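Protein chains: 4
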Amino acid sequence: MSSVYGENLKLSIFGRSHGPAIGMTLDGIPAGLPVDTETLRIFLDRRAPGNTPWSTARKEADMPEFLDGLLDGHTCGSPIAAIIRNSNVRSSDYDAIKDRPRPGHADYTAHIKHGGFQDASGGGHFSGRLTAALCIAGGLCLQWLDEMGISVRAHILQIGPVKDQGFDPCASSISPVDVSFPTIDPDCGKAMQELIASIKEYGDSIGGTIECIVSGLPAGVGEPIFGGIENRLAQILFGIPGVKGVDFGDDILLGSQYNDAFIYTDGVVKTSTNHCGGILGGISNGMNILFRVRVKPTPSISAEQQTVSLSARETAKITVGGRHDPCIVPRAVPVVEAAAAIAIYDMILGNTQTKRRKG
Amino acid sequence: MSSVYGENLKLSIFGRSHGPAIGMTLDGIPAGLPVDTETLRIFLDRRAPGNTPWSTARKEADMPEFLDGLLDGHTCGSPIAAIIRNSNVRSSDYDAIKDRPRPGHADYTAHIKHGGFQDASGGGHFSGRLTAALCIAGGLCLQWLDEMGISVRAHILQIGPVKDQGFDPCASSISPVDVSFPTIDPDCGKAMQELIASIKEYGDSIGGTIECIVSGLPAGVGEPIFGGIENRLAQILFGIPGVKGVDFGDDILLGSQYNDAFIYTDGVVKTSTNHCGGILGGISNGMNILFRVRVKPTPSISAEQQTVSLSARETAKITVGGRHDPCIVPRAVPVVEAAAAIAIYDMILGNTQTKRRKG
Amino acid sequence: MSSVYGENLKLSIFGRSHGPAIGMTLDGIPAGLPVDTETLRIFLDRRAPGNTPWSTARKEADMPEFLDGLLDGHTCGSPIAAIIRNSNVRSSDYDAIKDRPRPGHADYTAHIKHGGFQDASGGGHFSGRLTAALCIAGGLCLQWLDEMGISVRAHILQIGPVKDQGFDPCASSISPVDVSFPTIDPDCGKAMQELIASIKEYGDSIGGTIECIVSGLPAGVGEPIFGGIENRLAQILFGIPGVKGVDFGDDILLGSQYNDAFIYTDGVVKTSTNHCGGILGGISNGMNILFRVRVKPTPSISAEQQTVSLSARETAKITVGGRHDPCIVPRAVPVVEAAAAIAIYDMILGNTQTKRRKG
Amino acid sequence: MSSVYGENLKLSIFGRSHGPAIGMTLDGIPAGLPVDTETLRIFLDRRAPGNTPWSTARKEADMPEFLDGLLDGHTCGSPIAAIIRNSNVRSSDYDAIKDRPRPGHADYTAHIKHGGFQDASGGGHFSGRLTAALCIAGGLCLQWLDEMGISVRAHILQIGPVKDQGFDPCASSISPVDVSFPTIDPDCGKAMQELIASIKEYGDSIGGTIECIVSGLPAGVGEPIFGGIENRLAQILFGIPGVKGVDFGDDILLGSQYNDAFIYTDGVVKTSTNHCGGILGGISNGMNILFRVRVKPTPSISAEQQTVSLSARETAKITVGGRHDPCIVPRAVPVVEAAAAIAIYDMILGNTQTKRRKG
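Residue numbers (our numbering), protein chains in the order written: chain A, 2 to 360; chain B, 2 to 360; chain C, 2 to 360; chain D, 2 to 360.
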């Protein structure tokens, strides 16, 4: 199935960049969970485009309208359904791309798959705009995880040659990252912003890497083989447009250096290092979950590019107009948090960990 | 769910390293597909341990017994079920690890998840032995893909500092890789084998990277958002024990260099380069699918390691005996091919691509 | 999962009787299928309440707003999403029932399941109002089945002692049933309407049986064991509030009378009778699919009933106000058609019937 | 999907009547659940054919071999896998039916679906023999339900004109039914056996109805809309060959008589009657779950029947040889219990009932 995710919850995402609305339904959530819509709004604002050098000028009023699932500030047991109207639609920007698919975008593959019936405007259902719907679901899951003492935090690890410091893999708690530009080292953030500004000036785009940490997750979450934390996180993370790589823990080559020794800390089993990213056999070991997400450069660039005319069956040129970010990595940071929160919450819901203890 | 994979086919894997047998059921396969058991045996031999410097000395008679699904050399429409008996079981090797979990293995997380009821011998259900069951299913899917003109090939891209040349991303057909030691450059293969031999001498282990290419896949396979080729491949690839990273296409930072220009070649839309790994919006674009899989070093090493005694609730030492590979990367190569073939075949089965063409 | 249905398509239904809106998302539908919204509106009107003796006086403007999935009169490959606003909400009618669950309704079980956080107004998510969302999805599937020459027709078979004639199990085509009151025999329909009018006068309610026929379905649709036509139809039909029984074919006791003899008719294999309801081993045999659905009496009646006060923890009385139908069977007829169409279309989408023919 | 069942557990059934073996895998079961293999054997014996007048003379040694999932008398967290070898295979009995499909069997529909590649012997994958695999899974679930105080009991309600008394819908506990011939009234059982013996003498077969009761199930199990107890039970019950109808609670027409009044009994909410079969809105209300299953007559009868020759494309005659039961209803009784236990246990595993209580 395409736009449905989850084993224990079922998240269904819908909408197109320039259709009437985008939205999501989230089924299988227990009743009685508190929902703070103001906290959700603040989270959604982190993904929304602004007037910064690294983001598009499109204005979005991204506060969702909830059509089901909430009552008096709590989940009420029915599926959660929410929509965001698309108020700032300019589909004429995209008239040409139906015949001339934009390089790096899904225009051509959507055309082949959907036989010409797809909505090409702004990428249609493939648009990054859909991540706003993912962030509604993720923003809710983040609140419910927070209630259990589980936090999910991401930051920009690298853009081009500029590299931020990493999260401490063994830290017992992780401070929130500054949301205005999500790096750990502010100087590094400034350097990244300058880099992006110069990329924008040249009409080019740039990719990068996001690092994410989940702290507070108890040991024993995840399933063997195909249901491991890596499998489930990767499945949803690759659902974010532009994500091309997902990598867990440290890239260390020798077993003697990679293996994390078990220790007792305050009567609890921990590991002295955390090279494995908190996951052994697909299951959490009680340490922080750590992974990196590689984001490709935004395919929309200013320069004229070579493509084909599908009607004329010959090569052609295209200049991509419309609004686009020179670097989507900063805006993808909350989306990574959202996706991770959904996957982790789904696994917690389905945790069949026995209450029995042997001997 | 843990050990079940697939949207249109359902693969269920079972067994433990030192249990009576391992096996798999594969449901949803059309009737009438030819199956060549000799080709399957040759494929399974590539994964089986041998007497080479880089593999364990355990002998396995890995030819599966088919209990259902095949008749007169074809699939017959019922679920395919196959088992491999575990003939060479030495569970006493693993008595100690029930109390003292081996660093880098799933012993501890399985203990927490299963409350002490798990089979700790040889890693139980988490053992790499289970990949033989995956290879039965994958070996079948490889045959069915081959019939459609689709090939899946993998090789060792890198071990330590030794790096093989990569597949040609735009090649119209891919030659089989030498199976005795799967590198493209034989000299590079020799250097890797020498490296592994020296790692083995030191009682250490080493990880590496596998590159895989799928050629012949038509454009239009894959689904948007959560059902993309990247999502589906990653979900199954992370089911291979030791896999910690999955990465698609080239790691190029600038959009102006990353975007692949569309061209017409013999009346067919292609791209002039293939940096995106053959996937746009989760859907195949008709070029080769290309990805890399990072494999961590085998956790079993000879040196004494620090762990905990779960009964005494204190730190302890463990020396891991038993059979183990200094480097599982060579044996993981056919497993990556198997996993990729299962995911690709599943997506082809479910392809809802319309037969209608607009206009 | 609760409100999600389908193997190849994924239908997700949401909303509450007195919430902002109800709706559905329908994922996995191929692009390029035509959609006639006027035909859909006419279909939805059949379920909508009217001013007839057998239906509630609540007015609903049931034309859905499509938020995704349609473009220029065709499906466009993205999930189909549609909502219907709840314009005629009178939640004060239901204030009392939060404490005093109505007998025969889901008020009490929802209270236990959702811990008091459920929306009790009008039955919340359990309301028959949700069948309007089911009918959007079903109305679309009916159009796509119609294009393939497959029709789904239902009628009221029995209410109380009044019994309509049945469909001809072997007919090659089935005439549409009069939609104003769906019986085959108009006189029987009149008798039923009189019966319902008298039941209404007494403030009571009455149940009945609906018969449904699917004609034009080719042989070979359906899967063995758990994926049979009976399994899949029953799973969705029991999702219609009030349905308590599903029964296929004829209730004949002796094998010698029950078995349908195979014959050749115009070169095609048929059966001379159709006692099995067109299904053998869960798979269609090319004859009409026939089944009956038993609908319980509407639980809302005028008389004072005994219940409990959950707060006082003692028995109590309740008089159910609000709008309600003395007999929901007539309005359930199109809902049965909708549900059947969804299940049949889902099975056709997933039909892995091989194109190969042996010998 | 065809032979896979379950939302939270995944049951996969495989095998053919005359293939090497039948079996099942059961994934998603928590570790640490006790399993008594002797109790399982006794349960499986109830389904096994015997030398009674109403069953086939085929001898089956139906004790399963467990290949995974059990260790030291408990589940160990890996998938449970079990097989039963087919020791008494006589495929020559069935040579003719590949060309001349038996009326009432799945021979023809399997032929169409599988293009002639199916195993026609003994019905292949469609054989009632497969219910032995269902009974392995069900026998285990029955034990785990029993540990929770939940019992599942079935009996023959009716064969031909002979009708047994029903279960008491409101009883607080249900006595086991005599397993030698499962009726509540022994005299009725004798009459049924005499009826079956006379049917057998005439070479005919007969169907009947089974009643099943689930007691001890707490209120709040089941999900709204498509995930209700009725939906989930029906989906698995129609997987039993020969089942053509599933019906819940009492068939009472008037709302004033059907609605069950709520009462307090020993401080617990109950209903004074149980016409709804213990289910409201798809969710258990704490009363016994009650349903009936209609089983069609065994299609195998002695008389010559009319069929077609698929090769000659003309009508033909067939006399069905081989072993068959004149009435499968008695042997289907434990299968109904098994199927119900699987569905109920699956729903309990996935119960997302909140632990929070409002106010």
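Rather than coming from a laboratory, the hints here were simulated on the basis of the structure. Bear in mind that the values here come from a model prediction, so they are computed numbers and not experimental data. Treat the hints loosely; a few may be bogus.
One copy or two, it doesn't matter: identical chains are merged, so the pair holds either way.
[Said to hold, decoys possible] Below, computed lysine-lysine pairings styled on DSS-like, alpha-carbon distance capped at 27 Å: (1) 271 to 191; (2) 359 to 191; (3) 99 to 164; (4) 191 to 318; (5) 201 to 359; (6) 201 to 191; (7) 164 to 201; (8) 318 to 164; (9) 99 to 191; (10) 164 to 359.
Verification of the hints:
With identical chains, the CA atoms of residue 271 and residue 191 are never at most 27 Å apart, being 36 Å at best within one copy and 40 Å at best between copies. Neither within a single protomer nor between protomers do residue 359 and residue 191 lie at most 27 Å apart by alpha-carbon distance, with minima of 54 Å and 48 Å respectively. For the identical chains of this complex, residue 99 and residue 164 are neighbours neither inside a copy (38 Å) nor across copies (42 Å), given an alpha-carbon limit of 27 Å. Taking the closest pair of Cα atoms, residue 191 and residue 318 never come within 27 Å of each other, the shortest separation being 36 Å inside a single copy and 47 Å across copies.
Taking the closest pair of Cα atoms, residue 201 and residue 359 never come within 27 Å of each other, the shortest separation being 61 Å inside a single copy and 37 Å across copies. In this assembly of identical chains, residue 201 and residue 191 lie within 27 Å of each other by CA distance solely inside one copy; the values are 15 Å within and 47 Å between copies. Proximity of residue 164 to residue 201 under the C-alpha cut-off of 27 Å is restricted to the intra-copy arrangement: shortest distance 19 Å within a copy versus 35 Å between copies. When the C-alpha separation of residue 318 and residue 164 is checked against a cutoff of 27 Å, the pair qualifies neither within a copy, at 36 Å, nor between copies, at 38 Å.
Taking the shortest Cα distances, residue 99 and residue 191 never come within 27 Å of each other, neither inside one copy (39 Å) nor across copies (51 Å). Taking the closest pair of Cα atoms, residue 164 and residue 359 never come within 27 Å of each other, the shortest separation being 47 Å inside a single copy and 47 Å across copies.
In this structure, the hints that do not hold are numbers 1, 2, 3, 4, 5, 8, 9, 10, in rising order.
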